[in-house]
Amino acid sequence: MSCWETVQAYAFRSLGYGERLLPRGEISLCEQVTLIGSGMIWNIYFGVLALFFGFFFAVTLAVAKNSQAKWARKPAEWFIFVFRGSPLFIQFFLAYFALVRLPEEIGTLDISWLTDPFAKAWLGALIVLFLNTAAYAGEIFYGALRSIPKGDLEAADAYGMSGFKRFRRIVYPTMLRLAWPAYTNEAIFLFHATTLVYFSGFPAFRQQGDALYYASYFADRTFNPFVPYPIVAMFFIILTLIVITVFSLINRRLNRHLPAERRARVRYRPNLIR
Amino acid sequence: MFEFCADPSTLDTAPWFACYLTNGVHMLFYQSFLTVLLLLAITAPVALAFGFIGAAASRSHILPISWMGKLYTSMVRGVPDIAFFLFFVIALDQALEWVNHQIQCPNWDEPIRQGANFVVCQAAKIPLSSAPQWVHEVYNYFIAVFTFSIVFGAFAANVLFGAMRAVPRAQLETAEAYGMTRRQTFWRILVPQMWIYALPGLSNLWMILIKATPLLFLLGVEDIVYWARELGGSRTSQYAYPHPDWRLWYFLALLVFYLGFTRVSEVVLARITRRLSHGQATAGGEAQRKAAA
Numbered sequence: 001m002s003c004w005e006t007v008q009a010y011a012f013r014s015l016g017y018g019e020r021l022l023p024r025g026e027i028s029l030c031e032q033v034t035l036i037g038s039g040m041i042w043n044i045y046f047g048v049l050a051l052f053f054g055f056f057f058a059v060t061l062a063v064a065k066n067s068q069a070k071w072a073r074k075p076a077e078w079f080i081f082v083f084r085g086s087p088l089f090i091q092f093f094l095a096y097f098a099l100v101r102l103p104e105e106i107g108t109l110d111i112s113w114l115t116d117p118f119a120k121a122w123l124g125a126l127i128v129l130f131l132n133t134a135a136y137a138g139e140i141f142y143g144a145l146r147s148i149p150k151g152d153l154e155a156a157d158a159y160g161m162s163g164f165k166r167f168r169r170i171v172y173p174t175m176l177r178l179a180w181p182a183y184t185n186e187a188i189f190l191f192h193a194t195t196l197v198y199f200s201g202f203p204a205f206r207q208q209g210d211a212l213y214y215a216s217y218f219a220d221r222t223f224n225p226f227v228p229y230p231i232v233a234m235f236f237i238i239l240t241l242i243v244i245t246v247f248s249l250i251n252r253r254l255n256r257h258l259p260a261e262r263r264a265r266v267r268y269r270p271n272l273i274r
Numbered sequence: 275m276f277e278f279c280a281d282p283s284t285l286d287t288a289p290w291f292a293c294y295l296t297n298g299v300h301m302l303f304y305q306s307f308l309t310v311l312l313l314l315a316i317t318a319p320v321a322l323a324f325g326f327i328g329a330a331a332s333r334s335h336i337l338p339i340s341w342m343g344k345l346y347t348s349m350v351r352g353v354p355d356i357a358f359f360l361f362f363v364i365a366l367d368q369a370l371e372w373v374n375h376q377i378q379c380p381n382w383d384e385p386i387r388q389g390a391n392f393v394v395c396q397a398a399k400i401p402l403s404s405a406p407q408w409v410h411e412v413y414n415y416f417i418a419v420f421t422f423s424i425v426f427g428a429f430a431a432n433v434l435f436g437a438m439r440a441v442p443r444a445q446l447e448t449a450e451a452y453g454m455t456r457r458q459t460f461w462r463i464l465v466p467q468m469w470i471y472a473l474p475g476l477s478n479l480w481m482i483l484i485k486a487t488p489l490l491f492l493l494g495v496e497d498i499v500y501w502a503r504e505l506g507g508s509r510t511s512q513y514a515y516p517h518p519d520w521r522l523w524y525f526l527a528l529l530v531f532y533l534g535f536t537r538v539s540e541v542v543l544a545r546i547t548r549r550l551s552h553g554q555a556t557a558g559g560e561a562q563r564k565a566a567a
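For the record, the sequence lines run as chains A and B. The first sequence begins at 1 in the working numbering and counts up by one. The second sequence begins at 275 in the working numbering and counts up by one.
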């Protein structure tokens with residue numbers, strides 16, 4: 001099979017299109033690159049959607065945690081504590097078993113049609129990632145809320161702004177600007193965390209997995225880890241660079257009113273495994 | 275464990291659970307918590323040492339050494355750590371066998387990589403195929419621990435490199451003015467002062483390390499995740515303790531374990547930070563001084 005034919009056969013294999021059988025026997029470099037690249041579709045899918053929906057929930061959580069009212073603060077604090085204090089790996093397992101067991105537990109009422117999609121990776125894992133990133137980003141935004149310059153708030157008061165208007169015009173933009181460098185790291189980190197999905201209970205339906213799933217498949221087949229894992233690394237470095245570029249552009253826009261030397265730069269500091 | 279456990283099928287709920295939770299396999303489950311704690315106890319100092327070497331190497335004036343240090347520190351940027359875990363476990367194993375092969379069987383003329391196989395001579399297998407089961411398990415465990423140390427060493431190198439740069443430049447200049455050599459400046463001035471700057475990063479790393487321990491399961495070690503899955507699976511009446519699928523409850527227990535562990539760590543680390551800030555020229559140290567005065 002020429003390389004172009006391989007691309008045609010496997011480029012969308014992770015979504016279930018193209019060749020049904022995965023390559024076996026003599027595995028060419030082209031097949032490895034194509035299939036692992038095809039798996040990246042899932043990493044991007046999980047990362048982008050969880051990040052998008054997680055953002056709104058994270059802002060809500062941050063505001064709730066910063067609130068004076070106990071009924072809003074306590075649940076937000078607990079939510080953030082549970083999701084940041086426990087391993088993502090365990091969260092995946094827990095969610096999976098909860099979603100598989102739930103329809104069996106409620107035996108009298110057949111709700112499997114409702115819970116079935118949740119027990120599949122595309123929805124179940126997405127929800128776990130969404131809640132997880134919301135908790136991490138919520139803590140980042142909360143920290144930013146706490147460090148909004150006092151003068152800005154006093155100025156808002158002096159202009160007679162209050163309530164939602166003050167939040168939308170003053171608090172929210174400043175919070176976003178202060179949190180953005182840290183939030184960029186969180187975003188990169190979330191993309192890395194998506195590689196855990198298919199190693200944590202959620203089954204890969206008909207061998208439709210993510211990049212790392214295929215890489216470990218190849219490493220098992222060829223017993224040679226020195227080819228597939230560097231390919232995964234290459235794909236992820238490219239993805240990371242794209243994320244940094246996009247987030248830097250947003251960061252520039254958030255900081256556009258400031259003099260040049262006071263602008264916060266997006267600097268990628270890797271930390272965290274969850 | 276208890277004497278009344280001889281025939282579990284006749285027991286009430288409470289004694290049934292007392293017997294169930296203390297039977298042989300559950301003891302293995304509790305032991306696997308020690309496996310995790312042992313991993314933390316070994317990995318933390320080893321990774322710190324790796325990180326220190328990596329950070330010191332990236333500051334070196336000899337170019338190749340500094341490149342190697344930089345490569346090591348930047349290795350974890352951009353690439354998911356799980357990829358490293360899966361990679362190093364196989365790569366380390368093969369590297370060890372390859373080196374051993376070169377020593378043990380210098381006259382071997384077949385290629386080592388034959389298609390999908392990695393073939394070394396019998397004498398070079400690590401551990402030897404005749405070795406007892408526990409040797410294999412211990413070997414696997416230490417490969418996993420070493421993998422953790424490499425990856426977390428790279429994280430620690432990042433933190434320590436930043437901490438070394440955070441030490442006020444004036445301190446180093448003073449040392450130079452006193453005629454100290456580069457080495458003396460490094461060991462006597464830089465290293466003692468850098469820890470307070472490294473502490474927030476290292477605390478963070480410790481929390482991350484705790485939360486990375488379930489990944490041992492992926493490296494083929496029989497850890498708490500392995501046992502939770504094993505024990506939680508449903509048991510038919512052929513077993514002494516039949517029960518439906520309880521994996522959800524086992525994982526809930528693991529979740530609580532991790533939450534408790536991270537919470538305790540947070541409290542302890544906050545205390546250490548207070549202790550180390552004492553007398554330092556940082557905001558934390560200054561606040562302590564003012565509070566006392």
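Careful: at least some of the hints might be erroneous.
Claimed, not checked - With the C-beta cut set under 10 Å, the calculated list includes, among others, these residues of chain B facing chain A: (1) 452; (2) 481; (3) 499; (4) 528.
No wet-lab data here; the hints were simulated from the structure. Just so it is clear, the structure is predicted and the values come from calculations on it, not from any experiment. Yeah, the Cβ is synthetic: ideal placement off N, Cα and C, and Gly gets one too.
Hint check:
Restraint check, residue 452 of chain B versus chain A: the minimum CB separation of about 34 Å is more than 10 Å; hint violated. The interface hint given for residue 481 of chain B holds, since its Cβ lies 8 Å from the closest Cβ of chain A, which is under the 10 Å cut-off. Checking residue 499 of chain B against chain A by beta carbon gives a least distance of about 7 Å; that is within 10 Å, so the hint holds. With a cut of 10 Å, the hint placing residue 528 of chain B at the interface with chain A holds, because the nearest CB-to-CB distance is about 5 Å.
Violated hint: 1 only; the structure is consistent with all others.
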